[in-house]
Amino acid sequence: MAEKEGSKTAGKPIRCRAAVARKAGEPLVMEEVIVSPPSPREVRIRIICTSLCYSDVTFWRMKDPPGFFPRILGHEAIGVVESIGEEVDEVTEGDTVIPIFLPDCGECRDCRSKKSNLCSKLPFKVSPWMHRDETSRFTDLKGETLYHFLYISSFSEYTVVDIAHLTKVDPAIPPNRACLLSCGISTGVGAACRTADVEAGSTVAIFGMGAIGLAVAEGARLCGAKRIIGVDVNPEKFIIGKKFGVTDFINSHSCGDKTASQVINEMTAGGADYCFECVGLASLVHEAYACCRKGWGKTVVVGVDKPGSQLNFSSYEVLHSGKIIMGSLFGGLKPKSDIPILVKRYMDKELQLEEFVTHEVSFNDINKAFDLLIDGKSLRCVIWMDK
Amino acid sequence: MADNQSSTTAGKPIRCRAAVARGPGEPLVIEEVIVAPPNPHEVRIRIICTSLCYSDITFWKMKDPPGCFPTIFGHEAIGIVESVGEEVDELNEGDTVIPQFLSDCGDCVDCRSKKSNLCSKFPFQVSPWTHRDETSRFTDLNGETLYHFLYVSSFSEYTVVDIVHVTKIDPSIPPNRACLLSCGVSTGVGAAWKTAKVKAGSTVVVFGLGAIGLAVVEGARLCGAKRIIGVDVNPNKFEIGKKLGVTDFVNSGSCGNQTLSQVINEMTDGGADYCFECVGLLSLVNEAFACCRKGWGKTVVVGLHKLGSKLSFDSFEVLHSGKSIRGSFYGGLKPKSDIPILAKRYMDKELNLDEFVTHEVSFEDINNAFDLLTGGKCVRCVIWMNK
Numbered sequence: 002m003a004e005k006e007g008s009k010t011a012g013k014p015i016r017c018r019a020a021v022a023r024k025a026g027e028p029l030v031m032e033e034v035i036v037s038p039p040s041p042r043e044v045r046i047r048i049i050c051t052s053l054c055y056s057d058v059t060f061w062r063m064k065d066p067p068g069f070f071p072r073i074l075g076h077e078a079i080g081v082v083e084s085i086g087e088e089v090d091e092v093t094e095g096d097t098v099i100p101i102f103l104p105d106c107g108e109c110r111d112c113r114s115k116k117s118n119l120c121s122k123l124p125f126k127v128s129p130w131m132h133r134d135e136t137s138r139f140t141d142l143k144g145e146t147l148y149h150f151l152y153i154s155s156f157s158e159y160t161v162v163d164i165a166h167l168t169k170v171d172p173a174i175p176p177n178r179a180c181l182l183s184c185g186i187s188t189g190v191g192a193a194c195r196t197a198d199v200e201a202g203s204t205v206a207i208f209g210m211g212a213i214g215l216a217v218a219e220g221a222r223l224c225g226a227k228r229i230i231g232v233d234v235n236p237e238k239f240i241i242g243k244k245f246g247v248t249d250f251i252n253s254h255s256c257g258d259k260t261a262s263q264v265i266n267e268m269t270a271g272g273a274d275y276c277f278e279c280v281g282l283a284s285l286v287h288e289a290y291a292c293c294r295k296g297w298g299k300t301v302v303v304g305v306d307k308p309g310s311q312l313n314f315s316s317y318e319v320l321h322s323g324k325i326i327m328g329s330l331f332g333g334l335k336p337k338s339d340i341p342i343l344v345k346r347y348m349d350k351e352l353q354l355e356e357f358v359t360h361e362v363s364f365n366d367i368n369k370a371f372d373l374l375i376d377g378k379s380l381r382c383v384i385w386m387d388k
Numbered sequence: 136m137a138d139n140q141s142s143t144t145a146g147k148p149i150r151c152r153a154a155v156a157r158g159p160g161e162p163l164v165i166e167e168v169i170v171a172p173p174n175p176h177e178v179r180i181r182i183i184c185t186s187l188c189y190s191d192i193t194f195w196k197m198k199d200p201p202g203c204f205p206t207i208f209g210h211e212a213i214g215i216v217e218s219v220g221e222e223v224d225e226l227n228e229g230d231t232v233i234p235q236f237l238s239d240c241g242d243c244v245d246c247r248s249k250k251s252n253l254c255s256k257f258p259f260q261v262s263p264w265t266h267r268d269e270t271s272r273f274t275d276l277n278g279e280t281l282y283h284f285l286y287v288s289s290f291s292e293y294t295v296v297d298i299v300h301v302t303k304i305d306p307s308i309p310p311n312r313a314c315l316l317s318c319g320v321s322t323g324v325g326a327a328w329k330t331a332k333v334k335a336g337s338t339v340v341v342f343g344l345g346a347i348g349l350a351v352v353e354g355a356r357l358c359g360a361k362r363i364i365g366v367d368v369n370p371n372k373f374e375i376g377k378k379l380g381v382t383d384f385v386n387s388g389s390c391g392n393q394t395l396s397q398v399i400n401e402m403t404d405g406g407a408d409y410c411f412e413c414v415g416l417l418s419l420v421n422e423a424f425a426c427c428r429k430g431w432g433k434t435v436v437v438g439l440h441k442l443g444s445k446l447s448f449d450s451f452e453v454l455h456s457g458k459s460i461r462g463s464f465y466g467g468l469k470p471k472s473d474i475p476i477l478a479k480r481y482m483d484k485e486l487n488l489d490e491f492v493t494h495e496v497s498f499e500d501i502n503n504a505f506d507l508l509t510g511g512k513c514v515r516c517v518i519w520m521n522k
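From first to last, the protein sequence lines are chains A and B. Just so we're on the same page, the working numbering is the position in the first sequence counted from 1, plus 1. Just so we're on the same page, the working numbering is the position in the second sequence counted from 1, plus 135.
These aren't lab readings, by the way, just hints derived from the structure by calculation. What you are looking at is a predicted structure, and each value in this text was computed from that prediction instead of being measured. Cβ atoms here follow ideal geometry from the backbone N, Cα and C, with glycine treated the same way. Some hints could be false.
[Unchecked claim] Only pairs whose alpha carbons sit at most 27 Å apart, straight line, appear in this in silico DSS-like list of lysine-lysine:
no., chain 1, residue 1, chain 2, residue 2
1, B, LYS429, A, LYS115
2, A, LYS122, B, LYS429
3, A, LYS115, B, LYS479
[As the list claims (entries may be wrong)] Quick partial rundown of chain B residues pointing at chain A, CB under 7 Å, derived from the structure:
no., residue
4, LEU253
5, VAL436
6, SER444
7, LEU446
8, SER447
9, PHE451
10, GLU490
11, VAL492
12, THR493
13, VAL496
Chain B with its partners taken away, still in its complex shape:
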């Protein structure tokens, strides 16, 4: 949906509202901020809506680096290009775009390889700056620098994003579905589809039925998995899981004397073909490995763990089991090529996104989204900018 305001604001700073995190764990403050025009290779985007992801919460709570404040969080979003910096050919004012934390330069060995989505030219880091020159485009009304988050910072009516972190998409996809493809749902669907390459007829176990785990379920269903076992402490997750393809539910709090992996090994007569850890708990990765089918089972790590933590595996087990272990970052997807594919699959009614949006709030009520997610009460809460 083309926007004609660019003729008035292009090249100038924009004053707009943002939800600023001023201290770790403190409610966000809606304030006026100044958003600088885009530098070369950057675009300035008017955010339509954004959704809250647990990674926002993790870094919002973090007292020590890489946690830093004041920051504009948010990294799952959709918007319209308000203006482009020099040397941007890929996009024009008015284009509908999804920003992503994972860069896609299209040019380096990794971006050109089918086998990798880990851009080498703009390697991912949890950075408080723009990617190329490590500065900020945001200041508050006192002139104080505000930090970026994951190169996106979508909790603002306007943000500036590097072109390698932006994907153009079909404007006809409803924004409160499209924004999910910016991070969580793409990550989960990709983990099943691209990283694990789930085969039709197989058995899959998903540990953790938050948005990521549910997206893995959705991805496994699209790949034709015959049996999708969902594991969670919250039995309510089974209802929503079923809508996305979960066939069996295991309540990890109700296994009695047995471990989770023992229960799953029994149910599957020897283990699942693919096990996904979608919570970010070391012990669950070991459980996932333990109930992976020997000979060919794949254990996929999707959840984000506490920084500095170590995954530990018995060497004999690794040698003798034939199981493999791999992490999945952004589901192994290449943003600029794969997000449009997922958008189309949604429009073709193959990919289910509707069930993920359990709540919607306006920008002023953004802190409600935080409460809902930390309280385990929502899957995805969409925040509308409404301007």
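Only chain A is shown next, with the shape it has when bound in the complex:
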């Protein structure tokens, strides 16, 4: 949906509302902020809506670096281009765009390789700045710098994003579905379809049925997996999981004397072809590895663990089991090429996104989204900017 405001505000700072995290773990404060115009290779975006991802919560709580305050969090979103900086050819004012934390420069060896989505030119880091010049485009009304988050900072009516972190999408997709492709759902679907390359007819086990785990299930379903085993401590996740193709549910608190991996090894007569860890706990990665089928099983690490966490494997097991261990960042997807493909699959009614959105709030109520996610009551809560 084209926006004509660019002609009025282009080249000038914009004063708008943002939800600022002033201290670790404290409710975000709605304030007026100043958003600079985009520098070369940057784009200023008017956010339509944004959704809360657990990674926002993790860094919101983090007192020490890479936690930084005051900060504008948020990284799963959809918006409209308000103005572009110099040297931007790819998008114009009025384009509908999805920002992504993972850069895609299109030029470096990794971006040109089919096998990697880890851009070398603008390597991913948990940075508080813009990617190229490591400065901020945000100040508060006192002139104090506000930190960026994952190069996006979508908890603001306007934000500035590097062109390498933007994907143009079909404006016909409902925004409260499209924003999910900005991080969580793409990560999960990609982990199954791209990183693991799940084969039709196979058996998949997913540890953690949050939005990521359910997105892995959805991806495995799209790949034709025959059996999708979901593991969680919350039995309600099975009900929603079924909609995404989960065929069996294991409540990890109800396994009695056995571990979840023992239960899975029994129910699969030897292990699943693919095991995904979608929580961010080393102990669950070990469980996933333990119930992976010997010979060919793949264990995929998707969840983000705390810094410094170690994964430990018996060297004998590694040598003798034939199992593969790999991680998946943004599902192995290349944002600029793959997000439009997922958009199309949604529009063609193949990819399910509806069920992920369990709550919707207006921007003023953004802190409710945090409460819902922390309490385990939501999958994705969409926050509408409503301007």
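Use these hints to put chain B onto chain A, whose structure you have.
Leaving out everything else, chain B in the frame of chain A:
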């Protein structure tokens, strides 16, 4: 080469010489032993020659289980079938065969799958017995049971091996080349060819240039790798490595202030496509992982580590690097199908085996082979039975 003695010995115990390990780390004693006839599904083999592998040494030194004594070691060999037990259709007296520690029943899910070489019907264990009934076919002249080793026990003029542990091969291949395919060279070549699936034009690093590492080099060369970096503490290994395809040598003792992986990351401008650990040191596996190319690099664990040891990886690294980790057991090869393929490649002068045999001794001098290998002075020492 057909052998007519079977008509005289079939069905009866054979009295012959064996090199018996009576205690951990003690020189082997050449003594007369009694070898029972083969049970159903077993064959009795007259060994032509056998070679020493470091795994023999590891278990020979081991004071505690799975080390046990008295044992007939040896698992890399070639021989002639002297007699077959009931229900053996695959082989006849006089056939030339290679025994292997890894079973291939041809029937179970793993043996029938292209993706696995880990037979489920006869799972591998470090066992002191025959595979099916867990008894021994060997006694000494006092009637004391002698233990088997890895289901093969080739340090004996005659041994009894289960049919799932025997592969028939073309008799025209020289025995002091063929025996190498029984374990070490197959493991290394397979690790590159089957497990890692090294692509033409790629860059490979091999940590440890013993027989296994050199065989990985050979395998990588056959796969068309453009650059093969060999890492060892012994600069003499570069000479022999070059003959098998090593293009660059890194002396791990001469890296100065840098770690091995730093040196390799610099030489390769970001890491190698495949890194193989062929020593059995935990720290080297981490080095291998560290100098694997992000995005697509594969770290392959081939060396046998101390029992009970753990491989440890940083969870963040695994998630964000796109690298994968996998062990390679017997190079991922299926013995009965792949050993004959390698034998043919040798006969067609594609696969180089000659360089691996650095020493040859007669059976009486078997302890010299142990000294040479523990002293780091040989690659493969072939022991001829000479009878």
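Going through the hints against the structure:
1. LYS429(B) <-> LYS115(A): Distance of about 13 Å is within 27 Å: holds.
2. LYS122(A) <-> LYS429(B): With Cα atoms ~13 Å apart, LYS122(A) and LYS429(B) stay inside 27 Å; holds.
3. LYS115(A) <-> LYS479(B): The given pair, whose Cα atoms are some 35 Å apart, is violated under the 27 Å limit.
4. LEU253: Interface hint status for LEU253(B): holds (5 Å vs cutoff 7 Å).
5. VAL436: holds (5 Å)
6. SER444: holds (5 Å)
7. LEU446: This interface hint holds because 5 Å falls under the 7 Å limit.
8. SER447: Cβ of SER447(B) sits 5 Å from chain A, so the hint holds.
9. PHE451: For PHE451(B), the interface hint holds, since the closest Cβ of chain A sits about 6 Å away, which is under 7 Å.
10. GLU490: Nearest chain A Cβ about 26 Å off; hint violated.
11. VAL492: violated (26 Å)
12. THR493: Nearest chain A Cβ about 26 Å off; hint violated.
13. VAL496: violated (30 Å)
Violated hints for the displayed structure, listed by number in ascending order: 3, 10, 11, 12 and 13.
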